[in-house]
Amino acid sequence: MEGVVDEAVAAEELVKKYGDVTAVDGVSFKVYVGEVFSLLGPNGAGKTTTVEILECLRTPTSGEAYIKGLSVKNLGDIRKIKQIIGVLPQEFNAVDNLTVLENVQLAAVAKQADNVRDVLEQLGLWQIRNKLFSKLSGGQKRRVGIAMALVGNPEIVFLDEPTTGLDPEARRETWLYIKNLRKSGATVILTTHYMEEAERLSDRVAVMVKGRIAVEGRVRELVSSHGGKTRLVFDFLDEDAVGVLRGCGYVVERVQGGRVVVKVDRESDVFDVVALLRDRGFEAYPEVRQPGLEDVFLSVIGSRLSETGELV
Amino acid sequence: MFLLVFGTIFGGPAPPNYSLYIRNLDTDPQGNPEPLAAAFIQALNSSQVFDLKLLNPDDPAPRSTGFAAIRILTIPKGFSASLLNNTIANRIDITVDTINRLVQMAGENLPEATRANINQGLSQMNTVKQLFKTEKKPLTLEGSPDDRLLQPIEAIINTVADRFELALLNSTSTIEINTVQTNIRQLRAVDYYLPGYVAAFIMTNGLIGVSSFTAEMRRNGVMKLIAATPLSRFSWIVSLVLMQTIVSLILTAVMIAVGWMVFRIAAVPDLFSLLIILLGTLAFTGLGSFIGGVVKSAEAVTALGNTLSFPMMFLSGAFWPLELMPPFMQQIARFTPLYYFHVALRESLIAGSVSTALIPTAVVAILAMAGIILAAYTTKWRDF
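So the sequences go chain by chain: H and P.
Each step along the first sequence adds one to the number in the working numbering, with nothing skipped, and position 211 is 211.
Each step along the second sequence adds one to the number in the working numbering, with nothing skipped, and position 353 is 353.
Note that these hints are calculated values from the structure, not bench results.
Do not take every clue at face value.
Stated by the list, open to error - In silico lysine to any residue, SDA-like type, Cα no more than 25 angstroms apart, as pairs: (1) H:K135 / P:S297; (2) H:K73 / P:S297; (3) H:K80 / H:V33.
Work out the full structure, taking the sequences as your base and the hints as a guide.
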């Protein structure tokens with residue numbers, strides 16, 4: 001089945017094997033024009049292998065993939081695909097002894113593009129264009145990589161772990177620039193192991209583990225269907241208070257460190273719980289935790305995803 | 001830098017001087033050299049081949065610094081007296097022999113009385129000769145068994161000694177040598193070095209520079225980013241070759257310019273020389289790209305590039321003539337790619353001989369094709 005035009009990317013039962021190791025095991029998903037789509041998963045899940053197949057940098061063992069209706073397995077289509085995509089590879093570092101401008105010009109020459117200045121200005125790099133790449137901060141270096149991916153105005157941009165290795169401040173700064181990409185109308189495919197990144201930037205997320213997609217959909221939909229309930233976390237609550245809550249039908253759990261977690265169905269129930277405890281003479285200052293992708297992970301995969309990209 | 005240093009050491013305008021220490025034991029009681037000993041030393045100095053240093057009789061043998069050979073010529077005590085006595089004895093011998101030959105030639109034309117007088121005279125001359133002690137006092141030349149110049153230096157000293165003795169006999173050599181300048185161009189050391197260094201540095205640029213560059217581009221993801229653009233693998237390889245060719249031509253031009261300014265090397269590259277440079281660049285760029293494409297680690301690439309380049313520079317004969325190396329090393333040299341490159345370049349650029357450059361150029365051309373094929377095969381544009 002060929003890809004439909006309003007689909008930017010269509011992957012159908014993609015498989016990639018290296019000997020006995022199956023890195024990508026029957027992956028299927030679609031990305032629509034103009035959206036930001038994330039592949040979220042731990043290290044070794046097959047995210048990079050999947051996007052490299054879409055980028056025509058890796059040959060699939062079986063399955064099909066289409067970029068704007070063009071097949072990644074057809075040599076004639078591959079050249080056309082490369083004209084409309086931009087790629088930031090994983091752990092990318094530009095050439096150390098070239099300047100910012102020279103590095104982006106290198107990519108521009110390869111793409112026969114002429115919008116170097118626009119891209120540098122868009123990413124806040126024009127003022128430092130004559131600075132050597134080796135002298136830049138981590139966040140600036142990553143932006144140079146993004147600039148090299150964006151030169152030539154690609155319709156589809158692949159960002160493979162764009163903020164890995166950055167400090168939190170640089171990461172947030174990079175997120176701003178990625179958000180701006182959507183405004184330019186580009187379709188963005190992102191791989192990441194940071195849940196907050198996927199939540200903040202993506203329209204849709206596919207959770208990928210061990211070469212397969214475990215679940216896929218809009219973030220809100222995933223959270224509401226797999227994320228569980230809103231939780232109130234009390235650092236300390238004595239047994240009498242716990243008894244009161246249980247007596248009123250609330251689900252109460254004791255967790256590590258002596259903390260108490262109360263699950264409620266709705267956000268409005270938070271006030272009812274606090275009011276109930278105060279009426280009975282208990283002082284209560286809970287922390288309110290909304291369900292997120294972390295809960296989706298825990299629910300679907302049975303593990304959490306750490307900051308370093310490992311399942312714990 | 002290599003050209004300037006080695007060219008100055010081995011290729012300067014002045015001929016080399018051979019170091020020679022003289023220990024003269026033939027002195028009078030006051031320590032002054034006997035006349036003939038002093039005259040012989042002066043004769044050695046006049047040959048303008050030796051850098052003579054005089055040692056006092058009691059001085060210890062000098063110690064060698066660096067690679068300087070220590071050669072000591074000892075003039076023994078009694079040298080002058082022996083030389084004088086032997087010279088007189090030789091003169092008497094020559095006179096007696098000459099007269100005897102004349103008598104023989106005269107034959108029956110010589111009256112008996114005259115023959116008898118002549119024989120009596122010759123007998124008296126022989127008697128006089130017995131008065132002179134003809135014991136020889138040989139010179140002693142000491143040197144290291146590793147000194148390859150010891151034999152030619154001994155030959156030069158013998159030549160000077162022969163001429164000195166002839167002069168004492170009041171005779172001169174009847175064999176003359178006229179030195180005439182010809183049109184045959186003598187290869188100076190700098191003429192040898194220039195193409196050798198050009199070839200060696202094009203080789204290192206390829207094997208070390210290109211390989212490191214390729215590995216680094218692969219390691220930092222730039223190769224992936226470029227491969228995801230419409231730029232083809234063929235264009236990437238062509239651009240590498242083009243870049244290296246420009247570097248090679250600039251390097252060659254600079255070295256020729258320095259060679260001309262400092263050493264007056266007249267080496268103007270013709271089209272054939274430029275072709276050789278291009279083929280050599282292709283060969284080593286291809287090999288460098290191959291190394292960078294198959295070896296995973298950038299550090300290992302640099303190590304491998306150095307391991308191949310440095311031995312080849314010294315074993316291939318690029319830095320010195322093969323004739324200076326032992327036979328087995330000369331055989332090894334002919335198995336190195338650099339050998340054919342620098343030989344082809346030398347024959348074309350310096351000797352100006354296309355015919356003698358053809359075979360090594362053909363070998364370089366084959367290496368160029370092999371290098372490009374290897375580069376194309378190992379430069380991955382997918383499945384990194």
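Violated hints - listed by number, lowest first: As far as the earlier hints go, only 2 is violated by this structure.
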